[in-house]
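Peer 1: Sequence:
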Amino acid sequence: MSENTNQTAQLIAARLRDCREAKGWTLVEAAARLSEATGENVIHQRWARWEHGDRAPSPELAAPLAALFDTALGYFAEPAE
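Each residue of the sequence shown is one higher than the last, beginning at 1 in the UniProt record's numbering.
Just to be clear, a hint being listed does not mean it is correct.
No more than 25 Å apart at the CA atoms, straight line, and that leaves these computed lysine to aspartate or glutamate pairs for DMTMM-like [as the list claims (entries may be wrong)]:
(1) 23 with 36
(2) 23 with 51
(3) 23 with 54
(4) 23 with 70
(5) 23 with 78
(6) 23 with 40
(7) 23 with 60
Here are the in silico distance ranges between beta carbons for each label pair [as the list claims (entries may be wrong)]:
(8) 14 with 58: 17 to 25 Å
(9) 3 with 24: 27 to 35 Å
(10) 29 with 3: 30 to 38 Å
Think of the hints as simulated: they come from the structure by calculation, not from any bench. Every residue gets a Cβ at the ideal spot worked out from N, C-alpha and C, and that includes glycine.
Model the full assembly from the supplied sequences, consistent with the hints where possible.
Peer 2: Structure representation (structure tokens):
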């Protein structure tokens, strides 16, 4: 994994975790809510891999994640200015 890719993965991981914790949701609850919003089966282990920076959500999940946490579409991947 390149340094840029790793930095982006870590940024996404931190922001997902921060948003989930701000809502007071467990990994299971967050995954269930995203599954409900998308119709896609998102299990908590998958969410955990995102939060650990091992994987990143697919681009198709950007809009549902933004809606779930009431953030801008690019919030999870765009560095703060």
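Peer 1: Are there hints from earlier that the structure breaks, and if so, what are their numbers?
Peer 2: none
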